[in-house]
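Undergrad: This is what each chain is made of:
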Amino acid sequence: MHDMAAEITELLAIHQGLNTHEEPNSEIVISGNLAFEAVPEDLPRIADTFEIEVRVPTAYSAILPEIRETGGKIHSEYEHVFPNGTLCLGVPIELRRIFSRQPSLLGFMNGLVIPYFYGYCYWNEHGEHPFGEQKHGGEGIIEYYTNRLNLREEVQAVAFICFLYEYGYRGHHNCPCGSGQRVRHCHGPILLDLHKHHTPHTLTHDLSCALDHLFEKFKDNELSLPDPLLKQIGRIAKGKNRRRARRRRF
Amino acid sequence: MTIDKRRYSKLLAKVAEDLDIPPSKYRDAVERYQAVGRWLEAGEYPCAGTPDIYPQGSFRLGTVVRPIRHGVESDYDIDLVCQLPIPRHLTDAGSVKLMVGQRINEHDVYRQMRDKEGKRCWTLQYAEKDGIGFHLDILPAVPKKQSLSATAISITNKDGNTYRWSTSDPKGYAYWFDQKNRRAFDQVQWEQKQLIQSRAAGVYASVEDVPDQLVRTPLQRTIQIFKRHRDSKFNGSQRTKHAPISIIITTLTAQLYSGELDVFSALSAIVSKLHAFASLVDSDFVHGTSQTSNLISRTPDGKWYIGNPVNPEENFADRWHEDNHARARSFFWWVASVKKDLVDIVGSGSADMARSQLIATLGASVVANHIGLIVPAPATPSQPPRVTISRPARPWGPNARHGG
Ligand SMILES: [Zn+2]
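Just so you know, the protein sequences line up as chains A and B, in that order.
The numbering of the first sequence is our numbering, which starts it at 1 and goes up by one.
The numbering of the second sequence is our numbering, which starts it at 1001 and goes up by one.
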């Protein structure tokens, strides 16, 4: 549980240019000027102000807030914005990991929003992303798992996502990377960390993104899938053995 | 002109921070007590295994307040348990106390630093170069078997020339306190560790290196403010010997804390809940109705009960009925004073009045540094908050099918 009033008080005490109101649907909206002086490790400090609107969903903090930049400061050619105008802060599972360091509205602002704006300012000045950028869509999701788990192939990343979806964490199962070792002696620690930070929402999201991307390639014969994985995907698609998600997505 | 709650809360947090042990001093203290711990561990005792040495009390709980002795700011107190792995039935309280004393005497330097024998502990006095020293109280103990709690210990009590056992459970109490503090800790730790790291980059290379023990929640800050207010209210007065003891303040505050994320909200909510118990003084026996009403209670014989949360048999208020309930009356007088001195000034008084009241109750030196927070200053464009970026997310994007 979280104490919304306390979180808002804490946020407004630090970011004094922001205000808050409640919508009729009891969604909370925080808007105004977000001024900051951001100091990353080994990079120049940047001070700037962005006009923002943050919508805190009623299901917060199971679902993280959405944020828009409302001052027209972000160039239309900047790619990390969704078509509906919300900012693409990062892949969902990474956002949850970072949010968990300081799980409050202030933590959301300081840990996710301000680094995003820093990245934008830096890109605007130097034409490159200071912390790197994720590929878009399902490809980016798969890239995230591939890097995080240090994998060689996209198919392995999909196997991990399916494993998380179907079992969560199981130390005694064979590791989805295909090494033949038990999970706990192989990719166990990272898998456990992913499992800890996933919500049903983020996991369903990642699975659907990754499979969409995979089937594109599969259809074009760019990719072949090992039998067990195909079977597992079939199982998941039929909704058998599902531990978490209720809604059918395929 | 009323006082802004947000700024006042910040002032209280800053004052508590000044009363607290600063990070560099904390590190010195840990080094000092670890050195003593290694010395005690290496001693010869009539038992197998090595002693278990660990901090207890406010130093362990993160509620340290620099004490006032005879009206002046004084040295920090650090309490250390030295638990020998000897079954209680194979020894006696006097032997345990003297074994530890003997080991301290074997060290040329510690022998010089040692105070005369205390009721329960041996005290080492550290005079430090910067003038802010430590009193290290070493509490000899053995495990207490056949007890509800696995962490309970037997400690020694000197009365004249005889030694008796008594029971304590500092580890159990600390775990209990950590539970009460946990949720707020999770919320504030990242923010605070970043700040501590950025101020002391020479001491801590990264945010992860900052120890949990340096993070303070509004619960801990509130306890520090309460203790300081008590110290200055009772210092040198007739009432000194009836002043509320720290363990009672700490226990009740932790029980009544409900996760407020700023110091003023926490402090004012707790004070008003404590205030509600005051009617107990004038009634002999009151039936509890609310959830928290049994925190302070009267027994049918008119005595008082505030239980140790990890050992209900221990009554922290066992002396409250003495001298016509002097300690109970002192306690509620103190609660009323906190309300008047620290809560009611918001919204009623002027900033000048608040200033003199805060100086009188929390001390001139700590209040003066931060009074600017509530005394109106000419409006200046405020500095934007400074945010440290550490291992951020990479921006992602929508599924654009424009082929790279
Ligand atoms: Zn593996």
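It is possible that part of the hints are untrue.
Said to hold, decoys possible - Label pairs and their calculated CB-CB ranges:
1) His129(A) x Ser1198(B): 21 to 31 Å
2) Lys219(A) x Arg1199(B): 37 to 47 Å
3) Lys73(A) x Leu1195(B): 20 to 30 Å
4) Arg184(A) x Ala1201(B): 33 to 43 Å
5) Glu53(A) x Asp1178(B): 53 to 63 Å
6) His129(A) x Ile1248(B): 47 to 57 Å
7) Ile1247(B) x Lys73(A): 26 to 36 Å
8) Gln181(A) x Asp1178(B): 51 to 61 Å
9) Gly132(A) x Asn1399(B): 54 to 64 Å
10) Arg1199(B) x Asn147(A): 54 to 64 Å
11) Arg1007(B) x Glu51(A): 55 to 65 Å
12) Asn221(A) x Asn1399(B): 18 to 28 Å
Just so you know, the hints here were simulated from the structure itself, not pulled from any lab data.
All C-beta atoms in this analysis are idealised placements derived from N, C-alpha and C, irrespective of residue type, glycine included.
Undergrad: Hints numbered earlier in the text: which of these fail when held up against the supplied structure?
TA: 2, 5, 7, 8, 9, 10, 11
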